[in-house]
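**Student:** Make the complex out of the two chains shown on their own, each in a separate frame, by following the hints.
Line order of the protein sequences matches chains L and P.
This note's numbering puts the first residue of the first sequence at 1, with every later residue one more than the last.
This note's numbering puts the first residue of the second sequence at 1, with every later residue one more than the last.
Derived from the structure by calculation, the hints contain no laboratory data.
Virtual Cβ for every residue (Gly too), placed ideally from N, Cα, C.
Any given hint could be a false lead.
Claimed, not checked - Straight line, CA to CA, 30 Å or less: simulated DSS-like cross-link-like pairs of lysine-lysine:
#1 L/Lys147 <-> P/Lys190
#2 P/Lys26 <-> L/Lys147
#3 L/Lys78 <-> P/Lys26
#4 P/Lys41 <-> L/Lys147
#5 L/Lys228 <-> P/Lys168
#6 L/Lys147 <-> L/Lys45
#7 P/Lys64 <-> L/Lys147
#8 L/Lys228 <-> P/Lys41
#9 P/Lys26 <-> L/Lys228
#10 P/Lys64 <-> P/Lys168
#11 L/Lys147 <-> P/Lys168
#12 P/Lys26 <-> P/Lys168
#13 L/Lys119 <-> P/Lys168
#14 P/Lys64 <-> P/Lys41
#15 L/Lys228 <-> P/Lys157
#16 L/Lys180 <-> L/Lys52
#17 L/Lys78 <-> P/Lys64
#18 L/Lys119 <-> L/Lys52
To be verified - Estimated spans, in silico, between C-beta atoms of each pair:
#19 L/His224 <-> P/Gln79: 24 to 32 Å
#20 P/Arg128 <-> L/Tyr7: 31 to 39 Å
#21 P/Pro32 <-> L/Tyr18: 44 to 52 Å
#22 P/Gln78 <-> L/Ile179: 32 to 40 Å
Stated by the list, open to error - Derived coverage of chain L by chain P (criterion: at least 3 residues anywhere in the stretch with Cβ under 8 Å from a Cβ of chain P; other residues may be distant):
#23 3-15
#24 79-93
#25 145-151
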Amino acid sequence: MNVELLYNIHLEETFGLYIAIYFYLTGLSAGSFIMSTLSYGFGLKQFKPLGKVGVVLATILLVIAPVALLLHAGQPLKVWHLFAYINPTSPISWGSFLLTLYPINCLIYGYFMFRGDMKRTRIFGLIGIPLAIMVHGYTGFILAIAKARALWNTALMPILFLVSAMVSGIAMMILVSIIKDRFFSKDHKQNIPLLNTLAVMLAGFIVFDLFLVLSDVLVLLTSHSEAKEAASLLLYHSFSPYFVFVENIFGKIIPLTIMVTPRFRTVTGMTIGAIMVMIGIFFMRYVVVLGGEHIPLI
Amino acid sequence: MSRPRYGFLIDLRRCIGCHTCSVACKNENAVPLGVWRSWVKQIEKGEYPNVTRSFLPLLCNNCKDPICVTVCPTFASQQREDGIVTIDPHRCIGCRYCMAACPYGVRFINPILQICQKCDWCVHRVERGIQPACVDACPSNARVFGDLNDPESDIAKMIADNSVSVLKPIMGTGPQAYYIALDITAVNAKSEGQE
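Here chain P stands alone, though its shape is the one from the complex (with noise of 0.2 Å):
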């Protein structure tokens, strides 16, 4: 069997927007106030009777080719061979360069800290064989983790059977949180007073 590759599958006709992920993550990776992880953005769309509500949750995309590694100055932000960036708390330097260069906006500093910080899908779960803490408590199941180059596991068959796609493929960075059914109305929903 090949190494594993990691992946995150986002399935929206499931997701209830009730951010029970968001809490979780807060709760397992003891995320400070005022910062996150791992959200869910929201929007309405329509007008009565007409309306709907659109769900985006957003995590680090893991990416395959990740420009948060490449112009990390004291490669702090690394990738694994399971495909998983993590950053070293010791080697940064909170010089926010990733944070400027990642498109998906995922990384925070922390504020008590002052290093940069963001969503790992759980590594310390993974390597010890359990789901990151958001995927045990998705009450919808709407979030899959799993092994990419498995093409048993449950991650690997949804994405062969269903329609897949990923937030802003121009960038290049080869994201690996897929989503089923992603509304790009949200994805391009900004807030009031920002062009």
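Next comes chain L alone, as it looks inside the complex (with noise of 0.2 Å):
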């Protein structure tokens, strides 16, 4: 039957960009940290080189990223109103204190880092772990929460996110530890160890994103209607060239096999890998927020 749409009212955009922006950045930020207590937290001595620049990223970015929030809110004067009325039901309300305290916890974890006095740091280390698990995990509640929208609601999304932040946080690192050999040492010798093990960590988070963003789509292909319609925006309609080619092909799965082929695991192929990685966990972050919104809702 010829069904014509003659008049109806357009949604605005809800999230948008800035809060695509966001979750890129709290997850960089909590990836980052992750890496850099596998030395200063648990004692893995081949991590150390990332010990402090982890921390330093951790900080910076977590500092950069409420900026997006705030230039999102309507009403960015009023954001004290978060702590001062809290709503326990709303994730929102769980981020405006995971998002002072966590950023806190990272300043005395580098302080005590760099005091060199390495029993604290390994204190503040551990206390940031479930913090920068929490402050990546809550964004992903806030999207699973938001019920209106089949992409996003699903038990999935917090997963989702801390595996794709752990993903985005081991390519910084490999981009780091790159640029700081390559540059800031003085025998400009790659620590082709560290590199190598970083590699491996990144193909095995890669590949357990891959097994997440699959079973969210086989799941949404064959759920309700405004499922289905979700999994066809991304694999068929405007959204299948971010989705499809950017985000899994250029962003996951080329990356892998470089990083699983010794032959391609050089410097070089590492280098473009971690950035192809990061542009991807962006698109992923760009393909969930505005993809979710895309499809009207009446």
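**Tutor:** Right, dumping it as structure tokens:
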């Protein structure tokens, strides 16, 4: 039957690009914090070169990230309301505490690390791990609890966000290690054993991420009508170039091939692969946030 | 008598798609250009000579279990005892989370005030014992507003006598805007170019 829509009101974008950027930055921050604690929290000595740079990046990124939130909010001067009136059922209320505690903890952890007080560094590193997981995990809950959107309203969302945060965090650490040794070390010698370990970790997290994305899309494809619409938006319609090609092929499958093939796993190969992963994860945030609210509700 | 629980009913057998409700709402609530608290979606279906138009007047459902109230981080969105969901303009910070969570897309950011607003069934009129502006304005009496808990009210009688439906019951928010003769084609129609 021929149906023509004559008149309707178009909804405005709710979250949009600023929130996608915010999710990307918190993900990178959580990922680099966790990489930093591998040596200073858990005592894995081979990750020691990432400790200091990891915590510096984690702090800077998490100071920049809420700026995106301020740009997004209609009344940025009223943000103190988030601390004055707390709704325990709203993930944004959880976030107001996490976004305060996590950077403070990062600063304390970094302070003791640079002072060389290893015992206290370890304590604040270990406190920071659940905070880092929550500060990015809660962003997954923000989307999952917004039940209007089929693409968001899934219990996979928090874990999907955490795994992609680790993917982007490890990729950033590969780049950081390469840049540090290339430009800021005395002998300009790359730390190949560390890079190889990071490459293998990155490959593992990419495989986990691909598995989660596959599970998500397969279930959407067979679920209710709005879920099917969301899946077809990602697979066949306007978001498929970003989802299929940029996020998954360019940002995950090609870097995965680079990281697991010894012939490609050179310093150049890893640099290219890590950059591709970081672009891919940015487009993952973009697809989830903007794709999620692309289909009209009514 | 029990406390009132307000409800809304739109009898689509009577709706003529004149948009008077939308205009009355704009006027009553000083709704700025480009945004609407209440509007009428229209479709045309079939092929000549078997063609018809369907109307779908939309407004806030003032749900029983409103997700907007659940997710609002500052308690700006609150549910009154009579069931109407209101937004405190001083509390709202314009974070848009409620807009993202509402399955009915009835919330918008006021372009002047930069806070979220929506239809509240003209709560300022209801408190003074008069009908919402759109109900008063509707020329074909297609819109009915009243107390669902009072079995003698027009709305309670009409819901008892007719087969009624609500939008997207699967969302579990318990919408309290009921429709008689709801056309699912009008509900499902999406704008062109969007899948």
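**Student:** Which hints from the list above does the structure break, by number from lowest to highest?
**Tutor:** Hints 6, 9, 13, 15, 21, 22 are the ones this structure does not satisfy, whereas the remaining hints hold.
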